[in-house]
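Participant: Use the sequences and the hints to build the structure in full.
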Amino acid sequence: MDAIHEALGKKKVVLFEGACGTGKTLSALAPALHVAKQEKKTVVIATNVHQQMAQFIEEAREIRKKKDIKVVVLKGKMLMCPRPDMDYDTCSLLRDNTYKLIEQEKDFGQLKSDLKSVKDKIKKHGESSLIELQKDLSTESDRYENQINDTKKNSCSQLLGILKTDTDEFRTWLFSGVRTPEDVADWALSNNTCGYELLKRYMKEADLLICNYHHFLNEDIRTNVLGWMDKSLSDVITIFDEAHNIESAARSHSSITLSELTIKKALDEIEANMDSVPAHDVETFLRILLETIKSTYNIRFKFGEREKVGNHWYDLRIADPEERVDMFRNKLMKELEKAGIKKPEETIENIRSIGLSIDAFYEKQFTEGKSPVKKICNSLNAAIFLSGYFKLSNNWNYYPILSVRRYNNEIYGRLELFTCIPKNVTAPLFNSAYAAVLMSATLAPFDTVKATLGLDRETVDLAYGITFPEEKRLTISVSVPPLFAKNRDNPHTKEIITQVLNDIIEQSDGNVLVFFPSFYEAAQYKDRIDCDVPVYLDKVGESSQEIREEFFELGEKGKKAVLISYMWGTLSEGVDYNNSRGRTVVIVGVGYPALNDRTRAVEAAYEAEFGNGWDYAIQIPTIRKVRQALGRVVRSPDDYGARILLDERYTSSSVKKLG
Numbered sequence: 058m059d060a061i062h063e064a065l066g067k068k069k070v071v072l073f074e075g076a077c078g079t080g081k082t083l084s085a086l087a088p089a090l091h092v093a094k095q096e097k098k099t100v101v102i103a104t105n106v107h108q109q110m111a112q113f114i115e116e117a118r119e120i121r122k123k124k125d126i127k128v129v130v131l132k133g134k135m136l137m138c139p140r141p142d143m144d145y146d147t148c149s150l151l152r153d154n155t156y157k158l159i160e161q162e163k164d165f166g167q168l169k170s171d172l173k174s175v176k177d178k179i180k181k182h183g184e185s186s187l188i189e190l191q192k193d194l195s196t197e198s199d200r201y202e203n204q205i206n207d208t209k210k211n212s213c214s215q216l217l218g219i220l221k222t223d224t225d226e227f228r229t230w231l232f233s234g235v236r237t238p239e240d241v242a243d244w245a246l247s248n249n250t251c252g253y254e255l256l257k258r259y260m261k262e263a264d265l266l267i268c269n270y271h272h273f274l275n276e277d278i279r280t281n282v283l284g285w286m287d288k289s290l291s292d293v294i295t296i297f298d299e300a301h302n303i304e305s306a307a308r309s310h311s312s313i314t315l316s317e318l319t320i321k322k323a324l325d326e327i328e329a330n331m332d333s334v335p336a337h338d339v340e341t342f343l344r345i346l347l348e349t350i351k352s353t354y355n356i357r358f359k360f361g362e363r364e365k366v367g368n369h370w371y372d373l374r375i376a377d378p379e380e381r382v383d384m385f386r387n388k389l390m391k392e393l394e395k396a397g398i399k400k401p402e403e404t405i406e407n408i409r410s411i412g413l414s415i416d417a418f419y420e421k422q423f424t425e426g427k428s429p430v431k432k433i434c435n436s437l438n439a440a441i442f443l444s445g446y447f448k449l450s451n452n453w454n455y456y457p458i459l460s461v462r463r464y465n466n467e468i469y470g471r472l473e474l475f476t477c478i479p480k481n482v483t484a485p486l487f488n489s490a491y492a493a494v495l496m497s498a499t500l501a502p503f504d505t506v507k508a509t510l511g512l513d514r515e516t517v518d519l520a521y522g523i524t525f526p527e528e529k530r531l532t533i534s535v536s537v538p539p540l541f542a543k544n545r546d547n548p549h550t551k552e553i554i555t556q557v558l559n560d561i562i563e564q565s566d567g568n569v570l571v572f573f574p575s576f577y578e579a580a581q582y583k584d585r586i587d588c589d590v591p592v593y594l595d596k597v598g599e600s601s602q603e604i605r606e607e608f609f610e611l612g613e614k615g616k617k618a619v620l621i622s623y624m625w626g627t628l629s630e631g632v633d634y635n636n637s638r639g640r641t642v643v644i645v646g647v648g649y650p651a652l653n654d655r656t657r658a659v660e661a662a663y664e665a666e667f668g669n670g671w672d673y674a675i676q677i678p679t680i681r682k683v684r685q686a687l688g689r690v691v692r693s694p695d696d697y698g699a700r701i702l703l704d705e706r707y708t709s710s711s712v713k714k715l716g
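Taking the numbering used here, the leading residue of the sequence shown gets 58, the next gets one more, and so forth.
If you are wondering where the hints come from, they were derived from the structure by calculation, not from laboratory data.
Please read all numbers here as calculations on a predicted model, not as lab measurements.
Ideal Cβ positions, reconstructed from N, Cα and C, are used throughout, including at glycine.
None of the hints are false.
With beta-carbon atoms standing in for the labels, derived distance ranges:
(1) N481 with W671: 19 to 29 Å
(2) K448 with S489: 15 to 25 Å
(3) Q167 with K123: 46 to 56 Å
Facilitator: Quick look at the structure:
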């Protein structure tokens with residue numbers, strides 16, 4: 058704690074690796090709150106794991122028993138909205154209309170007051186000269202009343218209640234404890250108000266904000282949250298838990314897409330508004346774009362590949378991940394030039410201008426009550442994507458991809474600009490914050506973290522190993538044939554691994570977790586295991602909650618079960634298999650990520666940026682994943698269990714090969 062306190066006081070970034078049981082959360086949170094109080098800053102602690110948010114809340118409650126701190130816990134707006142079937146755009150416009158309604162009612166009140174004053178003067182003094190003014194004011198009053206009624210139809214009654222009433226009761230309740238988002242939603246529902254808007258009102262008073270990654274990794278959301286806090290990034294000490302996941306989370310926030318359906322809707326918009334907006338050559342541009350997408354994926358399909366396309370996006374290569382020649386862009390440019398469009402960037406700017414006009418029209422329709430929801434402007438969305446695509450598709454940090462999937466039994470495509478190195482998201486955040494703590498049980502190597510996140514400021518690197526009693530934890534590697542792709546289906550290899558797994562299950566003192574490199578192997582071995590206890594399989598695309606709870610329940614009752622999963626699924630980290638929930642964890646094979654074009658593009662981007670692309674993109678994330686999976690059992694000093702690495706590449710003679 059002292060080292061973290063000193064580092065935060067000197068405005069540094071702390072890279073903190075601590076094994077389970079080292080008290081990472083409290084070790085970071087307590088000094089951060091102390092420094093924040095001294096320097097008049099606010100602490101923000103973020104996670105991407107639901108269970109960790111619950112842990113933060115418990116830690117905050119413990120701290121609050123000793124120090125009077127104000128805490129706000131923030132989740133997604135829609136999770137806290139009392140109105141069913143709400144979306145972000147509609148919510149935003151309902152909110153704007155509600156504020157507009159307040160102003161209209163204020164003006165209407167003044168108008169009625171003026172009208173009453175004129176009527177009184179006519180009645181009292183018989184001033185006939187005011188009769189014409191009375192008529193004008195009456196007409197204006199009727200018009201205003203109709204406007205108010207129209208606005209009221211498309212406003213939020215819950216927000217209106219907040220704006221018109223004293224909310225001190227909520228404030229007192231909120232800061233008298235540490236309230237979960239569910240607590241706030243329940244309070245708001247029982248009081249017919251909006252919990253999210255209430256939280257926003259008092260966020261600037263908070264000493265500690267507990268939130269999700271996306272509240273600070275998404276630039277637009279972060280700007281809003283900081284606005285509600287009445288802070289800039291330099292006023293905030295950020296703590297990110299499970300920080301080994303920041304890079305992949307930031308990657309998802311910075312990648313952009315444009316689907317075939319959006320382009321079709323954009324064309325419909327432009328055709329419908331042809332009289333009111335100058336179309337220039339935008340219609341030609343969008344039609345060529347649409348046809349180029351269709352022709353490209355039809356050409357790219359190999360024999361039998363079209364039939365494999367289902368409801369999930371299926372990637373097709375339009376650029377070599379290592380050479381980065383964007384064949385789609387080249388093809389599009391040729392087709393545009395044939396059509397006489399020599400400066401596509403200018404046409405894209407025209408699409409943006411038209412989109413802005415249409416978007417303003419949609420907003421006007423909604424605010425005037427002519428549309429029940431605010432329509433999405435597809436032409437504006439298309440322009441935003443195209444602008445980014447033409448600027449960045451040849452940049453090594455980005456990789457263009459064409460994906461396809463089925464919709465109503467028809468195949469349609471989607472262009473994506475996939476972010477390989479998301480420093481454009483992480484560097485501004487962590488380099489601008491007052492100070493930061495990035496913590497995880499598997500954060501090292503620290504130099505990699507600094508490079509991949511773009512940290513350009515002084516850091517303090519802290520690492521603490523596991524402190525649980527050695528006699529309560531067994532970690533061994535077993536030399537079995539490695540699960541290389543070439544020998545995974547070898548009958549001899551399968552037989553050896555199956556026998557070892559059967560022995561482990563038989564000898565385990567309780568529940569057994571088994572992680573395979575992929576779902577393909579997991580499903581194969583599920584059918585090969587021969588034991589007299591229940592065996593569960595974590596299936597791709599299905600919720601694991603039900604089988605996980607059954608697995609936990611059997612263990613907690615003193616029984617035994619086996620849960621088979623895969624390394625890159627949802628069960629290998631962020632889930633606590635404490636005590637009898639998990640006694641043995643087995644890692645079968647090394648479990649490298651799928652070496653598809655996206656992974657290769659990330660590797661090539663790191664190779665171009667830093668060298669050692671394999672280490673940055675594949676080796677280090679894989680080692681972290683293995684360490685995370687191993688950490689599922691033995692979760693406290695009183696807990697015990699076995700952790701088994703099943704592959705000869707984990708043995709001491711292969712350490713250098715594995716890394």
